[in-house]
Amino acid sequence: MLQKTARLWAIIVILTLVGSLTLAGCGQKAEPPKQSQPAPAPAPQKPVYKVALLTSGPINDGGWNQSAFEGLQDIKKKFGLEVANTENVKQADQLQLIRSYVNQGYNIIFGHGFEYGDTLKAAAKEFPKAYFIQIGGIEKNGANLGSTVFHSGEAGYIAGIVLALTTKTNKIGQVGAMEIPTIKADFDNMKKAVAKYNPKATVVTAYTGSWEDIGKGKEAALAQFNSGVDAILADGDAVNIGVVEAAKEKKGLVVGWSRDQSHLGPEVVLTSMIQRVDIMMEKMVKDVLDGKFKGENVVMGFADGVNDVAPYNAKVPKDVQDKVKAVIEEMKSGKFDPNK
Amino acid sequence: MESLFQLIFAGDFFYSTIRLATPLLLAALGGLFSERAGVLSLGMEGMMLGGTLLGFLGSYFTGSPWLGIFIAALGGLVVALLYALVTVTFRADQVVASVGINIIMMGLTGVIYRGIFGTTLSQQIVAPALKPLAIPGLAQIPFLGPVLFDHLAMVYVAFLLVPITYHVLYHTTWGLKIRAVGEYPLAADTLGVNVFLTRYLAILVSGFLASAAGALLSIGYLNMFMENMTAGRGFIAFSAIIFGKWTPLGTMAACLVFGAADALQLRIQAFGLGLPYQLAVMFPYAITLLALLFVGRSQGPAAAAIPYSKD
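Protein sequences appear in the order of chains A and B.
First residue of the first sequence? That's 830 in this note's numbering, and the numbers climb one at a time after it.
First residue of the second sequence? That's 43 in this note's numbering, and the numbers climb one at a time after it.
Hints listed in this document are in silico derivations from the structure and should not be mistaken for laboratory results.
Treat the hints with care, as some may be off.
Stated by the list, open to error - Label pairs and their in silico Cβ distance ranges:
| id | chain 1 | residue 1 | chain 2 | residue 2 | range |
| --- | --- | --- | --- | --- | --- |
| 1 | A | Asn1142 | B | Leu123 | 28 to 36 Å |
| 2 | B | Met324 | A | Lys1169 | 50 to 58 Å |
| 3 | B | Ile206 | A | Lys1021 | 51 to 59 Å |
| 4 | B | Val337 | A | Thr998 | 38 to 46 Å |
| 5 | B | Thr161 | A | Ala972 | 32 to 40 Å |
| 6 | A | Lys919 | B | Arg133 | 29 to 37 Å |
| 7 | A | Ala951 | B | Thr161 | 24 to 32 Å |
| 8 | B | Val137 | A | Ile967 | 39 to 47 Å |
| 9 | A | Asn1126 | B | Ser106 | 25 to 33 Å |
| 10 | B | Val337 | A | Ala921 | 32 to 40 Å |
| 11 | B | Gly187 | A | Lys1021 | 38 to 46 Å |
| 12 | A | Ala921 | B | Val137 | 17 to 25 Å |
| 13 | B | Gly157 | A | Gly1120 | 40 to 48 Å |
The beta carbon of each residue, even a glycine, is placed where N, CA and C say it ideally should be.
With the rest of the complex left out, here is chain A (with noise of 0.2 Å):
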């Protein structure tokens, strides 16, 4: 009797585990539609199109992973188009996913970020009539694979002008997540324009090796802080967050990434490198819905409104604003390519 009461209860807990776990995996998908959604009447021929987002990081990091959630809000809302995404997507995992939204009759299927490359290519092999994307990236084939990307190192640059012209101590930092090409080359061009604007300037990089792990972020930064470094470009998704805290407790000063990070610390973010990932994502979109997918590489930056400088704060002076200001009228206008 003891013995079958206890199996009893050992299923009612493993049952409640099991529900409060999918649930928990279920966590912000859209409800998967059902298979046979009968098309629009008056036009039949007309395919319908399904967006799905991948990401490696949850969708409210307040930065790269957001900013593309929010993309993907907008797109549903601008084209009526259906949409789900997937958050905290492992490298293992991503192929499998793609296969069971395309099963789902999902057929524009964005990866957001470099380490997408590879499945997106497999997959698009495998699924030749649907359109896949990859965000930050270089990935292209002519007929159904594309990806889009930021013009390599702009941002990064000009973040480069602003820190080489407001530290103090002459020691700049960068903290970044992980040493991806699109990190390394703004990191890269970060110290070109120091090494323009500033020669007497030094610049370190630490990277913590993971893109949340806060508290790793602000341990580097205080590693920095405490080398004698007074200004750092934070460029790791929720890792940013630790980098402003750090710069809170030791009065440095940071540059954000992504989205305008100016609300974590007002006093201590200079301003932010904007990163219109929403503007990408729809630009594709429509390319797609126009029948005008080539599958190439675009390349997007300053001059198509998708890089912006967030609103400085009163620590930046008003000089060096205009000259960055004009630095990217230079970029806009194809005269200066940091790249060069």
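Given the coordinates of chain A, assemble chain B onto it according to the supplied hints.
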């Protein structure tokens, strides 16, 4: 090179070492109770994660970070009770149950946080955080004062728990029972020790401390919650127990080694030697592997991870 040396032997390095070691130590000391009683403590990661959220919520809604820590620790008891129920009473495989706890807490904390505050926020939600407590007199000692006696109160608590754990495990009846149950539960049972109760209590201690350690991360060192913010610290705490040969002093030493290695790698990076950063990031783990070679064989309790049955 000379100034790197200076950087490392500056007070800041030692301060940072202690700060990085404390959450690990707090969790690992709790895990030690569970481990010595013969129950795997691999679920600490999940318990810590639960603590980060509960501590944050507690502090946010009551306005007191201390209440936050306390609420987190109490919540840890609930998670621990669930783990004890599954592993001790129903004798489930402890590895599977631990992994289950870790995955559930990962999802659950995210869902609860978003349920309360919404999914995409334009502002980071912050809660009151603990403030460092300089010990009067001691904090004024040159060099040692700022390094050792100007921390959060939780840091002193964690290090005070080392001798307390030692005393409890080796000089009290309860400690003897815990160790007996971990080594040879059948013999302990024959002598009238309640194996189930002893293991339940040991697991509860583990949940209490692991959750408090999690809260230390969210409202001690920071003032906010982020999904998966423990980032594997529960697993590091687990390996600190093994590295420390299942003793309180050894565990403390192991946590300090991890803390020092992490503090060091961040300083090496900040110094800009041009080393590949991957080498720096893996440094704490490489140190562990090396150290394990030198400390020799680490022997855990004989009945570790084996469910006890009276049949």
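Quiz prompt | Violated constraints from the hint list, given by number and in increasing order | solution = Hints 1, 2 and 9 contradicted; others consistent.
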